[in-house]
Amino acid sequence: MSLQPDDNSPNALVAPPRGWLRATVVATLAITFVAAAAGFVAFLSQLRGVEIRPARKADGIVVLTGGSSRVSDAMELLAAGYGKRLLISGVYPTNDASDISRSLPDSQSLLGCCVDLDRSAVNTRSNAAEARRWARERGFKSLIVVTSNYHMPRAVVELSHAMPGIMLIPFAVVGERWRDEPWWTSGATFRLLLSEYAKYVAAEMRVRLANAGLDLMPELADQAGGSPAPRRPATAQAN
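In short: position in the sequence shown from 1, add 10, done, that's my numbering.
Keep in mind that the hints were calculated from the coordinates and are not lab data. There could be a bad hint or two in this list.
Claimed, not checked - Straight line, CA to CA, 30 Å or less: simulated BS3-like cross-link-like pairs of lysine-lysine: (1) Lys151 / Lys209; (2) Lys151 / Lys94; (3) Lys151 / Lys67; (4) Lys67 / Lys94.
Build the full structure now, drawing on both the sequences and the hints.
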């Protein structure tokens with residue numbers, strides 16, 4: 011005689027909830043993965059593959075240090091009259107204009123008259139805070155923002171949130187590696203983009219919550235302290 015399962019047994023009662031929970035977890039992970047992939051594609055669509063000169067001039071120019079040729083490109087824009095003054099944000103505290111002039115010998119006259127150095131910014135959010143202070147002190151209503159193409163989306167999020175009344179004109183710097191090979195063929199570039207995408211999503215979420223009245227990370231928390239680090243180039247910045 012064959013034995014039929016007892017529907018009232020403990021296993022029969024436990025199995026359905028476990029199966030439902032497993033299906034829910036799998037479905038949630040699948041939806042999360044698809045949403046993240048779609049967001050990553052949308053993020054990539056914002057990145058320019060070539061450098062395009064700003065369509066108009068601005069009151070000032072702000073360059074966020076950290077990537078190759080950002081400062082030199084910003085100096086070229088200043089020399090071409092795209093802005094009245096330039097703020098180099100994220101300069102290491104022990105460096106000064108002479109450190110920059112050694113790397114940009116053709117720009118010494120501009121460095122002496124029209125360039126301001128921000129040594130207090132330690133990340134993109136504090137870059138935005140210092141740019142806001144500088145623009146308000148100068149009475150500027152429009153800024154050209156210079157940073158790497160992969161960093162521009164997050165920079166615009168932070169700068170727009172910090173100074174909503176100021177017009178921002180992006181100038182995305184395209185590095186040699188980006189020009190020389192597709193990003194998907196380089197593991198290092200792919201990892202950089204994934205990391206930047208995660209930071210961009212985090213910045214977007216924090217700004218949206220702050221706009222809704224829920225600021226989980228007050229601005230003062232960005233002013234990092236700690237022991238001095240070894241001397242770095244004048245334009246070193248982790249952006």
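Hints, verified against the model:
A hinted pair counts as satisfied when its Cα atoms are at most 30 Å apart, and Lys151 with Lys209 qualifies at roughly 27 Å. A distance of roughly 12 Å separates the Cα atoms of Lys151 and Lys94; the hinted pair therefore holds under the 30 Å criterion. Restraint check for Lys151 and Lys67: the C-alpha separation of about 12 Å stays at or below 30 Å, so the hint holds. Annotation: proposed proximity of Lys67 to Lys94 holds, straight-line Cα distance about 9 Å (limit 30 Å).
Violated hints are absent here; each numbered hint is respected by the structure.
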